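Asker: As given, the protein sequences belong to chains E and D, one line each in that order.
The first sequence maps to residues 1 to 122 in our numbering.
The second sequence maps to residues 1001 to 1268 in our numbering.
Worth flagging that the hints you see were computed from the coordinates, not collected in a lab.
Remember, it's a predicted structure, so these values are computed and weren't measured experimentally.
Among the hints, a few may not be true.
Covered by chain D, per the in silico footprint, the following chain E stretches (three or more residues, Cβ under 8 Å) [what the hints assert, rightly or not]: (1) 4-16; (2) 46-52; (3) 56-70; (4) 88-99; (5) 103-110.
Now the stretches of chain D that chain E is said to cover, found in silico as 3 or more residues with beta-carbon under 8 Å [stated by the list, open to error]: (6) 1028-1040; (7) 1069-1083.
By construction, the Cβ of each residue, glycine as well, lies at the ideal position given by its N, Cα and C atoms.
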Amino acid sequence: MHELAIAQALVEQVDAVIDQHQASTATAIRVRIGPLAGVVPDLLATAFPLAAAGSRMEHAELEFAHAPIRVRCQTCGADTEAAMNRLICGACGDWHTQVISGDELLLESVELETTASLTPDP
Amino acid sequence: MCDTCGCNLTPGNKHLAFKPVPKGATAVSVLKGLLAKNDDQAAHNREHFDRRGILAINLMSSPGSGKTALLEATLTTLKNEFTCAVIEGDLETENDAERIRAKGVQAHQIVTGTACHLDAHLVHDALHHMTLDGVDILFIENVGNLVCPASFDLGQHLNVTLLSVTEGDDKPAKYPVMFRAADAMLLTKTDLLAVLDDFDPDKAEAHLRNLANPAPVMRLSARKELDMEAWYAWLREQLAAQRARVAQGQSRRPAIQSDGMKYHSVTA
């Protein structure tokens, strides 16, 4: 249920990107959400139209990039894939690992519709 | 890292940044944490704390696992040693803040209405209703919830996650995002272990280790004041560490974010 708060934060950020690039609307928004971020993509997809209603991105397509969980073992050094509640090394089984992917909560890129009247500076 | 010169692009994420698009449209790479605004506010809150040498601790757990009872016992014991203050987060009622004030300790209640978690802005607003000068430890009692609070940085230095023995010992496996964020795990209400045959503290600890979390696990009962000494010793140790950091102009983010920083070009 906190996905609505995340959706609102997303709308604010995309709004800032639209301003920064003097564009008119956003047509596609790509986010990367790892399973360990604690945000459910499907719920975010449901919440997004509510947060985006009336904004310059209300017709934008929300795309999700897959972020698999990977851990690096501090004991044997291997990089392996891991399950959400078993972040142990896939090679040697040690639990002294660091998550190197899978906890992202990232606005990756935005596709913008620029206004046609843009002219280069003299 | 910044959005100006492109130094947030790394070999690992460069392929995400450029993508052909139809004419009239342009694609821009952002690569910014979705919660950047919350995180900026959290960093600002942390500056408030560091400037005053305050240690800020975020308490998280299910509803009813004993966060307020832990605070009542802790505040009573440490009364003559440290000045503490408490921020309480609940959907409704001033009940918890009143329980804290009854101990003679400053407390501010955040009533979230329907929000299932505290965020950095709510905590910032609360700080402006409090007297922070002279405070040694600020406890932030989050909304009772094992899911949402784990995703929001409040500006705290440490996360403490409680698991009462009346819940299941597999809770860390069921709620990995929450328990991965713990800098310490407290197994509470251990006085009830004698009448419960389905909670194994060793299993709870093993599930926590499976999340690659080296956090200390302390078993205690706040109501019966059993085995509380390790918790108090940990608090003393952490406050001393915070003071040492402040003296060197350093700060500390809770376990997860700082880990992530090392590996991700941008973290949420």
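Asker: Establish whether the coverage given for the region 46-52 of chain E by chain D is satisfied; the threshold is a Cβ-Cβ distance below 8 Å, and no fewer than three residues must meet it.
Answerer: Result for this restraint: violated, n = 0.
Asker: Under a C-beta cut-off of less than 8 Å, do 3 or more residues of the region 103-110 of chain E approach chain D closely enough to confirm the stated coverage?
Answerer: holds (count 8)
Asker: Using a Cβ cutoff of 8 Å, are there at least 3 residues of the region 1028-1040 of chain D near chain E, or does the coverage claim fail?
Answerer: Check passed, 11 qualifying residues.
Asker: For the region 1069-1083 of chain D, count the residues whose Cβ lies under 8 Å from any Cβ of chain E; is that count three or more?
Answerer: Three-residue rule not met by the region 1069-1083 of chain D, so violated; n is 0.
Asker: Count residues of the region 56-70 of chain E with a Cβ under 8 Å from any Cβ of chain D, then say if the count reaches three.
Answerer: The restraint on the region 56-70 of chain E is violated, since only 1 of its residues have a Cβ under 8 Å from chain D and three are required.
Asker: Residue count check for the region 88-99 of chain E against chain D: does it reach three with CB-CB under 8 Å?
Answerer: holds (count 6)
Asker: Given that the region 4-16 of chain E was listed as covered by chain D, double-check it with a C-beta distance under 8 Å for 3 or more residues.
Answerer: holds (count 6)
In this structure, the hints that do not hold are numbers 2, 3, 7, in rising order.
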